[in-house]
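**Student:** Okay, here's what each chain looks like letter by letter:
Number of protein chains: 2
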Amino acid sequence: MNESTLRVNLGERSYDIVVTENALHQCGAFARARSAGKRALMVTDTNVNPLSAFVHAGLDAAGFRTAFALRPAGEAQKSLATAAELYDALADMPADRNTLVVAVGGGVIGDLAGFVAATYARGIPLLMVPTTLLAMVDSSVGGKVGINHPKGKNLIGAFHQPLGVFIDIGTLATLPDREFRSGLAEVVKYGVILDAGFFEYLEQSVESILDRDPETLRRIILRSCELKARIVEQDERELTDVRAKLNYGHTFAHAFETAGGYSYWLHGEAVAAGMICASRLAERRGLIAPEITDRQIALLNAFGLPIAAEKTWPVDALILTMRRDKKSVGGKLRFVLPTALGEVALFGDVPEADARAVLD
Amino acid sequence: MNESTLRVNLGERSYDIVVTENALHQCGAFARARSAGKRALMVTDTNVNPLSAFVHAGLDAAGFRTAFALRPAGEAQKSLATAAELYDALADMPADRNTLVVAVGGGVIGDLAGFVAATYARGIPLLMVPTTLLAMVDSSVGGKVGINHPKGKNLIGAFHQPLGVFIDIGTLATLPDREFRSGLAEVVKYGVILDAGFFEYLEQSVESILDRDPETLRRIILRSCELKARIVEQDERELTDVRAKLNYGHTFAHAFETAGGYSYWLHGEAVAAGMICASRLAERRGLIAPEITDRQIALLNAFGLPIAAEKTWPVDALILTMRRDKKSVGGKLRFVLPTALGEVALFGDVPEADARAVLD
Chain H
1 MNESTLRVNL GERSYDIVVT ENALHQCGAF ARARSAGKRA LMVTDTNVNP
51 LSAFVHAGLD AAGFRTAFAL RPAGEAQKSL ATAAELYDAL ADMPADRNTL
101 VVAVGGGVIG DLAGFVAATY ARGIPLLMVP TTLLAMVDSS VGGKVGINHP
151 KGKNLIGAFH QPLGVFIDIG TLATLPDREF RSGLAEVVKY GVILDAGFFE
201 YLEQSVESIL DRDPETLRRI ILRSCELKAR IVEQDERELT DVRAKLNYGH
251 TFAHAFETAG GYSYWLHGEA VAAGMICASR LAERRGLIAP EITDRQIALL
301 NAFGLPIAAE KTWPVDALIL TMRRDKKSVG GKLRFVLPTA LGEVALFGDV
351 PEADARAVLD
Chain L
1 MNESTLRVNL GERSYDIVVT ENALHQCGAF ARARSAGKRA LMVTDTNVNP
51 LSAFVHAGLD AAGFRTAFAL RPAGEAQKSL ATAAELYDAL ADMPADRNTL
101 VVAVGGGVIG DLAGFVAATY ARGIPLLMVP TTLLAMVDSS VGGKVGINHP
151 KGKNLIGAFH QPLGVFIDIG TLATLPDREF RSGLAEVVKY GVILDAGFFE
201 YLEQSVESIL DRDPETLRRI ILRSCELKAR IVEQDERELT DVRAKLNYGH
251 TFAHAFETAG GYSYWLHGEA VAAGMICASR LAERRGLIAP EITDRQIALL
301 NAFGLPIAAE KTWPVDALIL TMRRDKKSVG GKLRFVLPTA LGEVALFGDV
351 PEADARAVLD
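These protein sequences, in sequence, are chains H and L. So for the first sequence, the numbering used here puts the first residue at 1; every next one is plus one. So for the second sequence, the numbering used here puts the first residue at 1; every next one is plus one.
Bear in mind the hints are in silico, worked out from the structure with no lab data behind them. Incorrect hints may have been included.
Stated by the list, open to error - Mimicking DSBU-like on lysine-lysine, the simulated pairs with C-alpha atoms at most 30 angstroms apart in a straight line are:
1) H:K153 / L:K153
2) L:K151 / H:K38
3) H:K38 / L:K327
4) L:K245 / L:K153
All chains should be built: construct the whole structure from the sequences, respecting the hints.
**Tutor:** Set out below in structure tokens:
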């Protein structure tokens, strides 16, 4: 496979996303071309550890003296306590302003290591090496980093664009099936919100996607990153409604994740069900024809993803969580809704009755 | 006294600095003109607590429901543990993206509350109400916020520009003499690095400054903020050498603060002695005539500030600390040195022998 490179244009914070296959050690040269640093701190978790040896070797070969922070896997690592341990690791090196933080893993590792990089010495360089589909197409691109607070996911965070994103689709070969399917929910999302042609391509490529055909994976990852990059370029810090488009399905999804205690569903599973709720809500508001929802249901079903809330979750509690969403202002219900296939808009004051109706 | 306003031009992050007298409650209207938020979290310390009642009343009158975080006074508050308590306070309100963090106090409160505002929900609005001279002329302007790590002061931090800075010089009436004199060191610094005419004004105004004459204070605070603002506008995130000019005297000062365990000298005292070391270093390098150092010594003496390191501090340890400075890269000695009165430049590779000579 040829290596493909995509540029995220953000002025002095611009960076490249490279997509390659079975070339993980080359992340060292990728980093060296963008950094004069002498040291690196590689952050990874126990699930990803076998892959991280290649990254470590690549960084070594490129002349980075590399320290290694191995964390247990899981969302619990996105804590202030773990961030404190990584600050200690950097201070012990000691890190300077050119020291590179290298996040090798899924969204948890990227968010955590990214937050530490954003706040150490007021910001040091960050290299993202995502190893899950979700991290490749979503969390490693766009600069959102953060940790959790007992009262809210990602409640403590920053915007910190990486030095670069190095994607090796070879790392997906060992990704558990459920994690892989979860990542596909975000891929479907890009089609619905921004690109009807891409949505059609996904409909036509279900088999090769589920077979993890490298060329198909390369194509869907590149296009997903490109669509996200074009949004982030227009609204890096989510100051307008543009970046909010990426939250399609996410207001419902966060309520589902809260209802399930963040362990019942993976993030992508919650997003899948959330998108269908949002799409039904758009139907109720007269924005789209049912056929647009039906096509999303068919595609998400084909990917083995959920399309509705669990019936045991009390609707009252879901509504309350949505009113308290980090993105809500003044407790109003605010949703990104499709207006056509490939188009969404933000609706700021949706009646509660409509939201209830699609949950019931 | 007329209210004076100064604008810091940073595109969408631009803000006003207002200087007023005995009008602390007006900070509420100042905040309301810049924020549609419904809630505020006021952060202050036990020293400042008597003044904070006026701020609280002003915020109330302007329609902010205000929670109150009262911390003990002192540098120890710039910790991750205290930041965690402030995150809890915000989450308990609960804060949303329009909730205002109001820092009422000196540099410690501004840096701490600013860091929390920078990282809560990826950044919420921050109003600075500095109550020490040092905070008025330095730490509350320019967006540097942070907390300490056992291995380094301000090692965990961010850039987060405030919504505005509300300075009431009436708050200086009760500032202890030593704290007031410490703040004057940074005022002198602006003259040396950027404005010979301002330096001359300070030489001619020693008596009225030490008498805390309101009109003189207003003038020196406004000019200091203006000089800092013009630097920050050119190099907001210290990516070039421009913002580094503000570090005149600070490489030595940090070594002195470390030698004294951060308790022997106040920050401004360390900066005063550090400026004289840097000025002598500039003499040794043939950059300036001795008269320029002599004038700084005379002015700092008049303000009762130290002009040399304590003789008990081992020079080897001071040099080692300077090599490890957060701003040093690759362990080289790097100094901001005067090239004339009102002009400085950054020198990247000063021989250790010269640095030793000015310390001996």
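**Student:** Each hint should be assessed against the structure and marked as holding or not.
**Tutor:** Status of the hints after comparison with the structure:
{"no.": "1", "hint": "H:K153 / L:K153", "result": "29 angstroms, holds"}
{"no.": "2", "hint": "L:K151 / H:K38", "result": "20 angstroms, holds"}
{"no.": "3", "hint": "H:K38 / L:K327", "result": "15 angstroms, holds"}
{"no.": "4", "hint": "L:K245 / L:K153", "result": "19 angstroms, holds"}
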